[in-house]
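2 protein chains.
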Amino acid sequence: MGNIVTDLENKKNNAAAWFSDLRDQLCAAFEQIEDQAGALYSEMPAGRFEKTPWKRGDGTSDQGGGTMGMLHGRVFEKAGIHTSTVYGEFSEEFRKQIPGASEDPRFWASGISLIAHPRNPHAPAAHMNTRMIVTTKCWFGGGGDLNPMHPAYRRDDHEDTIAFHAAMKSACDAHDPEYFPKFKKWCDDYFYLPHRDEPRGVGGIFYDRHDSGDWNADFAFTKDVGKAFLQSYPALVRKRMDQPWTDDDREKQLIQRGRYAEFNLLYDRGTTFGLKTGGNVKSILSSLPPEAKWP
Amino acid sequence: MGNIVTDLENKKNNAAAWFSDLRDQLCAAFEQIEDQAGALYSEMPAGRFEKTPWKRGDGTSDQGGGTMGMLHGRVFEKAGIHTSTVYGEFSEEFRKQIPGASEDPRFWASGISLIAHPRNPHAPAAHMNTRMIVTTKCWFGGGGDLNPMHPAYRRDDHEDTIAFHAAMKSACDAHDPEYFPKFKKWCDDYFYLPHRDEPRGVGGIFYDRHDSGDWNADFAFTKDVGKAFLQSYPALVRKRMDQPWTDDDREKQLIQRGRYAEFNLLYDRGTTFGLKTGGNVKSILSSLPPEAKWP
Numbered sequence: 000m001g002n003i004v005t006d007l008e009n010k011k012n013n014a015a016a017w018f019s020d021l022r023d024q025l026c027a028a029f030e031q032i033e034d035q036a037g038a039l040y041s042e043m044p045a046g047r048f049e050k051t052p053w054k055r056g057d058g059t060s061d062q063g064g065g066t067m068g069m070l071h072g073r074v075f076e077k078a079g080i081h082t083s084t085v086y087g088e089f090s091e092e093f094r095k096q097i098p099g100a101s102e103d104p105r106f107w108a109s110g111i112s113l114i115a116h117p118r119n120p121h122a123p124a125a126h127m128n129t130r131m132i133v134t135t136k137c138w139f140g141g142g143g144d145l146n147p148m149h150p151a152y153r154r155d156d157h158e159d160t161i162a163f164h165a166a167m168k169s170a171c172d173a174h175d176p177e178y179f180p181k182f183k184k185w186c187d188d189y190f191y192l193p194h195r196d197e198p199r200g201v202g203g204i205f206y207d208r209h210d211s212g213d214w215n216a217d218f219a220f221t222k223d224v225g226k227a228f229l230q231s232y233p234a235l236v237r238k239r240m241d242q243p244w245t246d247d248d249r250e251k252q253l254i255q256r257g258r259y260a261e262f263n264l265l266y267d268r269g270t271t272f273g274l275k276t277g278g279n280v281k282s283i284l285s286s287l288p289p290e291a292k293w294p
Numbered sequence: 000m001g002n003i004v005t006d007l008e009n010k011k012n013n014a015a016a017w018f019s020d021l022r023d024q025l026c027a028a029f030e031q032i033e034d035q036a037g038a039l040y041s042e043m044p045a046g047r048f049e050k051t052p053w054k055r056g057d058g059t060s061d062q063g064g065g066t067m068g069m070l071h072g073r074v075f076e077k078a079g080i081h082t083s084t085v086y087g088e089f090s091e092e093f094r095k096q097i098p099g100a101s102e103d104p105r106f107w108a109s110g111i112s113l114i115a116h117p118r119n120p121h122a123p124a125a126h127m128n129t130r131m132i133v134t135t136k137c138w139f140g141g142g143g144d145l146n147p148m149h150p151a152y153r154r155d156d157h158e159d160t161i162a163f164h165a166a167m168k169s170a171c172d173a174h175d176p177e178y179f180p181k182f183k184k185w186c187d188d189y190f191y192l193p194h195r196d197e198p199r200g201v202g203g204i205f206y207d208r209h210d211s212g213d214w215n216a217d218f219a220f221t222k223d224v225g226k227a228f229l230q231s232y233p234a235l236v237r238k239r240m241d242q243p244w245t246d247d248d249r250e251k252q253l254i255q256r257g258r259y260a261e262f263n264l265l266y267d268r269g270t271t272f273g274l275k276t277g278g279n280v281k282s283i284l285s286s287l288p289p290e291a292k293w294p
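Residue numbers (numbering that gives the first Met the number 0), protein chains in the order written: chain C, 0 to 294; chain V, 0 to 294.
I should point out that these hints are in silico values taken from the structure, not numbers from a laboratory. Among the clues, some could well be false.
Since the list gives no way to pick out one identical chain from another, each pair is judged satisfied if it fits inside one copy or across any two copies.
Below are the SDA-like pairs computed for lysine to any residue, each with C-alpha atoms no more than 25 Å apart in a straight line [as the list claims (entries may be wrong)]:
no., residue 1, residue 2
1, K50, R195
2, K222, R130
3, K136, Q96
4, K226, H174
5, K292, R239
6, K292, M69
Please construct the entire structure, taking both the sequences and the accompanying hints into account.
Structure below.
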C-alpha cells in the first residue's frame with residue numbers, strides 16, 4: 000500500500016510539474032509573437048502575461064489553488080493561460096456524477112487551460128485544456144480545438160484547419176491509431192450549439208475519463224497533446240497576424256465571438272462545473288471574448 | 000362544461016388581444032422616442048420596428064406562433080418587442096415541472112416580451128414580460144425590471160430607480176398591498192448572478208404561477224403591470240437620451256452588458272426553457288446586448 004500511495008504522489012507531482020512547464024512554454028511563445036508583430040500594431044505595446052495566484056476555498060483549510068495568467072496584448076487581444084492544482088471533497092450533488100467519487104468524495108485535480116482571442120479576424124481563436132483527475136480512480140482529460148472567427152476560415156478544408164488537425168492527429172497516432180478518429184468526433188459532438196445548429200469552431204480533439212490502464216502511456220499522450228498545440232497554434236497566429244483586415248472582417252469576428260460566448264455560458268461543462276464547485280470565477284470566465292456583438 | 004370551455008376561450012382571446020394591443024402601444028412609444036432624439040443622433044436615421052412572423056413546430060401541425068419585432072435605431076441600439084401565442088404538448092421532460100401538466104400535457108401560452116438596450120450609457124436597459132399560461136390549470140406570470148448599465152445609476156436610491164419602482168408599486172398596490180413587497184423580492188432574488196455575487200440590475204417586480212382564484216382580477220393586474228411599464232420606462236429613456244457620454248461611460252456600459260449576457264445564458268429560465276422547448280431562437284436570443292465586453 001505504501002508503495003502505491005508513494006507512486007501516486009509521484010504521478011501527481013509529475014503531472015502538475017508538466018502542466019506548469021507547458022504553461023511556461025506557451026506563455027513564452029505568445030510573448031514572442033507579441034514582440035514580433037508587424038506594422039499593423041506599431042502603435043500598441045507588446046503584451047506580457049500578468050500572473051495572479053489564487054487559493055481554493057475560504058482559507059480555513061488547504062484546498063490548493065492556481066495561477067491565473069492573463070495577457071492583454073496587441074496580437075492577442077485577450078489570452079488566458081491558467082494552471083491549477085486543487086483538492087478537497089466533492090459536494091453531495093457531484094458525487095454521483097464523477098467516476099469513483101460515490102465511494103469516497105475526496106478528489107485531486109491538476110491541469111492547464113488556455114484560451115486565446117487574437118485581435119486580427121484572420122487569426123483563429125483557440126482553446127486547449129489538459130488535466131489529471133484522481134478520485135478512487137485516476138484519469139486524464141483534455142483536448143484542443145480551433146475556433147476561426149472569420150467565416151472564410153471556418154471550413155474543414157482550409158489550410159489552417161488542415162494544419163491544426165494534422166498536429167492533433169500526429170499526437171494521437173503516436174499512441175493509438177484509434178485515438179484521433181474517436182477524439183475528433185468527440186470534439187465535434189461536444190463543441191456544438193444545438194439551438195443554432197452550428198459547430199463552435201472547426202474542431203480538433205476532445206477526450207475525457209481517459210484511463211487505458213497504463214498511466215505512463217496516458218500521461219505521455221496528454222503531454223503530446225500539449226506539445227502538438229504548442230507547435231501548431233502559435234505558428235497559425237504568426238502566419239495570420241500581419242494580414243490586414245477591414246471593418247467588415249472585424250464585424251464578422253465580433254458576431255462569431257458572440258456565438259462562442261453562447262456556447263461557453265449555455266453548454267460548456269468546464270464553465271458550469273467550475274462555477275458550481277467553487278472554482279476561480281475570474282479564471283473560468285476568462286474564456287469569454289474581449290468584445291462580442293449580437294446585432 | 001360547454002360554458003366553462005367557452006369562457007376559457009374568451010379569456011384566452013382577451014389575454015392574447017391585450018398582449019398585442021400593449022405591443023402596439025410600446026412600439027409606438029419607442030418609435031416616437033426615435034423621432035424625438037436630439038443633436039447627438041443627428042447623423043443616424045430614426046429606427047423603426049421590423050416585424051417578422053414565425054410559426055412554432057415543423058409545419059406538420061398548427062402549434063401557433065408569434066411576431067418578432069426588432070428595432071435597430073439611434074436611441075435604441077437594439078430593442079425587441081415580441082408577442083406569441085403557442086400551444087401543443089409538453090415533452091415528457093417538462094411535464095413534471097409544470098403545474099397541471101402531469102395529468103394532461105397539453106398547454107396554451109400567450110405573452111409579450113420586451114428587451115431594450117439604449118445606446119446612451121446613461122439610459123437604462125430594461126426588460127418586461129407578461130404571459131398567460133393554460134394547462135389543466137391557468138395562471139399569469141411576468142414582471143418588469145430596470146437594468147442601468149452605468150454604475151452611477153445602479154443604486155436603489157437613484158431617482159430613475161425610484162421612479163421605476165414607484166410605477167411598479169402603484170400597479171401592484173391597486174390590487175393587493177402584499178403584491179409589491181413580495182414581487183419585488185422575487186425579482187431581486189431571481190435577477191441575481193451568484194457567481195459574481197451581483198444583482199443583474201436594480202430590480203422591479205417578478206411574479207409567476209399567479210392564480211388568486213379570480214381570473215378577472217389577475218388579468219387586470221397583469222394589464223396594469225404592462226401599463227405601468229409603458230408609462231415609466233419610455234419616460235426614463237427620454238429623460239436620459241440627450242445626455243452626452245464619454246468613451247469611459249461607453250466602456251462601463253459594455254462591461255455591464257457582458258454581465259447581462261452572462262445572466263441570460265447561464266440562469267434565465269425563459270432563455271433556457273425556450274431553447275429546449277422549440278421556441279423561436281431568434282426571439283429568445285434577441286435579449287442579448289448588441290455589443291458587450293469582457294476585457
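Hints, one by one, checked against the model:
In this homomeric assembly, K50 and R195 come within 25 Å of each other (Cα to Cα) only across copies, at 21 Å, whereas the closest approach inside a single copy is 36 Å. In this homomeric assembly, K222 and R130 come within 25 Å of each other (Cα to Cα) only inside a single copy, at 10 Å, whereas the closest approach across copies is 54 Å. Only within a single protomer do K136 and Q96 lie at most 25 Å apart by alpha-carbon distance; the minimum there is 13 Å, versus 35 Å between protomers. For the homomeric pair K226 and H174, the shortest alpha-carbon distance inside one copy (14 Å) is at most 25 Å, but the shortest distance between copies (67 Å) is not.
Taking identical chains as interchangeable, the C-alpha atoms of K292 and R239 lie at most 25 Å apart whether they share a chain (23 Å) or sit on different chains (24 Å). Taking the shortest alpha-carbon separations for K292 and M69, both the intra-copy value of 22 Å and the inter-copy value of 16 Å come in at or below 25 Å.
The structure shown violates none of the earlier numbered hints.
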